[in-house]
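Start from the sequences, fold in the hints, and give me the full structure.
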Amino acid sequence: MSAIQLLNVSRHWGDVRAVDDVSFEVEQGTMLVLLGPSGCGKSTTLRLIAGLESVTSGRIMIGERDVTHLPPAQRQLAMVFQSYALFPHLTVRENILFGLTVRKVPEAEREKRLTRAVDILGLSALLQRKPGELSGGQQQRVALGRALVAEAAVCLMDEPLSNLDAKLRHEMRREIRALQQTLGMTMVYVTHDQTEAMSMADRIILMQGGRIVQNATPSELYSRPATTFAGNFIGTPPMNLVRLDDARGSVCVAGSRSGKVGVVDSANYVLGIRPEHVRIVPDGWRAVVESVEYLGSSSVLGCRVGGEELSVVVDGVSDIAVGAEIYLHCPDEHIHIFDAQTGERRGTCR
Amino acid sequence: MPPAFRNPATMRTIHAWLLLLPALAFIAAFTHYPAVNTFIHSFFLDGRGGAPAQFVGLEHYQYLLEDEVFRKALVNNLLFASGTIPLSIGLAMTMAFLVNAGLAGQSVLRLCYFVPTVLPMIAVANIWLFFYTPEYGLLEQIRGALGLAGVNWLGSESTALPCVIAVAVWKDAGFFMIFYLAALQQIPPSLGEAAMLEGASRLYYYRRVVIPLLMPTTLFVLVNATINAFRMVDHLFVLTQGGPNNASSLLLYYIYEVSFKYWDTGYGAALTMVLLGFLALASIGQFGFLDRKVHYR
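Protein chains in written order, with the numbering used here: chain A, 624 to 973; chain F, 1066 to 1362.
Quick caveat, the hints were computed from the structure, so don't treat them as lab data.
Check the hints yourself; a few may be wrong.
Unchecked claim - Label pairs and their in silico Cβ distance ranges:
#: 1; chain 1: A; residue 1: G755; chain 2: F; residue 2: P1199; range: 25 to 31 Å
#: 2; chain 1: A; residue 1: R752; chain 2: F; residue 2: N1191; range: 36 to 42 Å
#: 3; chain 1: A; residue 1: G930; chain 2: F; residue 2: Q1171; range: 52 to 58 Å
#: 4; chain 1: F; residue 1: P1253; chain 2: A; residue 2: W636; range: 18 to 24 Å
#: 5; chain 1: A; residue 1: H692; chain 2: F; residue 2: C1177; range: 31 to 37 Å
#: 6; chain 1: F; residue 1: T1159; chain 2: A; residue 2: H692; range: 58 to 64 Å
#: 7; chain 1: A; residue 1: H692; chain 2: F; residue 2: L1176; range: 35 to 41 Å
#: 8; chain 1: A; residue 1: T738; chain 2: F; residue 2: T1182; range: 48 to 54 Å
#: 9; chain 1: A; residue 1: W636; chain 2: F; residue 2: C1177; range: 54 to 60 Å
#: 10; chain 1: F; residue 1: T1182; chain 2: A; residue 2: S822; range: 55 to 61 Å
#: 11; chain 1: A; residue 1: E732; chain 2: F; residue 2: G1353; range: 36 to 42 Å
#: 12; chain 1: F; residue 1: P1253; chain 2: A; residue 2: D788; range: 17 to 23 Å
#: 13; chain 1: A; residue 1: G755; chain 2: F; residue 2: T1182; range: 30 to 36 Å
#: 14; chain 1: A; residue 1: D788; chain 2: F; residue 2: T1159; range: 39 to 45 Å
Where a beta carbon is used, it is the ideal one built from N, C-alpha and C, also for glycine.
So this is what it looks like as C-alpha cells:
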C-alpha cells in the first residue's frame, strides 16, 4: 500500500508553475528524496503534501484518505523544517511536547513518548535548556524529537541538514536513515545535495522547473539517467556531456578529428560519459590536459578533446602535467546516448 | 613625549574619553546639573523682590502632604497611567497583528494607524477639542442625531479625565504599533507553520508563542508608556487646562502651574523631585522584575 500518493498535482502562481503536473507514490515505510537545484519545486511539493500551500489542481492522498483540502493539523504528519522552527522561549522539553500538549494527549502518554524519543536521540541531559543554548546538531535533534513524539503516519523533512557543518551532516545523515529504517517511518525528504539523496534514499525523485525529471532508485539514477540534466546532476565530478560532429562521413567528437565515435551513426546525439569510466590509453581520442585537481584518493584531470571538455578521474596522485598530450578511451558499455535536441535518453550501447 | 603617551593602552583610553566628551558635556549641562540643582532648590523658599532665597529645609515636602491639589493631581495621574498604559499597549499589539496579517491594503492601514504619531501634539489636541465641543462638536452631533441628551465632555468632572485618556491612547497606540510590527516581522514564519502542523489554533499560537516572543518589545513599550503617562502635559493646555476643578490636572501640569504661574519655584522643585521618584521607581520595578521573565533572543 502506498502511504502517500500525488495525482497530477500542480501549484501555479500566475504564470509561474512552481509545481507542474506532478504524480508519484511513496511506499509505506520507505524514504523518498525529492532532489533538485533551488527553485525546482521540491520544497513547494513538500509544502503541498504538508498542507502549508494549497494545490491549484490535482489530488493528494495520505494512506486511504484524500487530504487535498484538509488543514495541515488533520493530515497526521510531522515535519522538520530547514530552520528547525523551534520555539526560542520554550525549553527542549516544552518544544518536543508542544504538539502533544496542544492535542491534549494525557500526561502519562506524553511522558512515555518523551522518554522514548529522548532516549533514541540522546537528549536527556538537555531537556531544561532553551534552543538558544544548544548547538546546531542538538537543535536538529530536538526538531527530530518533536517529529518523533507525534508518531505520525508520515514524516516530512525540508533540507534538515543544510545548516550543519560537513562532519555533523555526515553523522546526522546516517542517524536519520537508521531511525527511519528501525522505526519503519514513511519519510519524504527534500534536499539539493545529491550525496544526501544517493546515500539515504530508497527512491529519488529528481525535479527541474516544477516537473519530475526521473523517479528511480539511487543506482538507477546513476546508471541510467533519463536526461542530460539527470546525468549532469548526479555524480562528482558530473557526467561529461560530449557534443558530436559529422565530419567527412564519420561521427567525431565536436572539433576533433581523432575523436572517432562508433556508437552512433549521426551527430544528432550527445554522449554522456562519467569521468570515472574514461581510461588513459596509448591510442584513442587525442586530448590536452588543461588542469589537474588533486582530491586525495583520486585526481581529476580537466582535458580538452577538440572543442569539448572532459573530466577524467584517475587513482591517487597523477604524474601527468598540465599541457601534456594524452589519449582517452571509454568502453562502449559506459557511454550513455542522449538526444541532442531534447536531452532525452536514447540508450546505452551494449 | 612623556612615556605614558607612548603606551597604546593609555592612548586608547584617552581617545575614548575625548570621543565621549562632547556628549558627556551636553548631558551634564542639560540633564545632570539641572537635576541636582532642582534637588537643592527644593529646600529653599524663593526670595521675593530680589531678596535672596531662604533655606527652609523639608518644609516644601511637608506641605506636599497637606496639598489637596497635589493629591488630586497624583491620583489623576495614577488613573491616567492605569488607563493609558494597558489600553495603548493592547491596542498597539492588536493593530500590529492586523497590519502584519497580510490583508489587502495593509500599507494604507499602517499609514492610518501611524498618522496620529506624526501630527504635532497641539494640532491633535485641537482636532479632539472639536470632537468634544458641546452642542456642535462631532460627538454631540452624533448623540444629537440619536436623540440623546447633551454632555459637556471636557466641562464635567466625571468625563474630563477619560476624554484626555482617550486622546493619549489614540496618539500613543500608533507609535507603539511600529515597535510591535518590527518585532512581529522578526518572528520566522516557520514557527507559525510548525505550530499549525502540530494542531495549534491561531489563538493558542498567539497566546503561547507570539506574545511571549514579543515580551522584550512589551517591556520597552511599557517603560515608554509609563514615562509618557507621567510627562503628559501638552494636551492639557489645549483641552482642559487641568479643569474643571482640577479634575483632569496631572502632575507635570500642576508643576507647571506652581512654578510658572504662581512662580513658587522652590515648591515646584519639590514636586519635580516627587515626579522623578515615581519614574525611577517605575523603571526599577519594570527592569528589575519583568526583565527576568523576558526571553531575549
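Query raised in the report: Hint by hint, which ones does this structure get wrong, listed from lowest number up?
Result: 1, 2, 6 and 9
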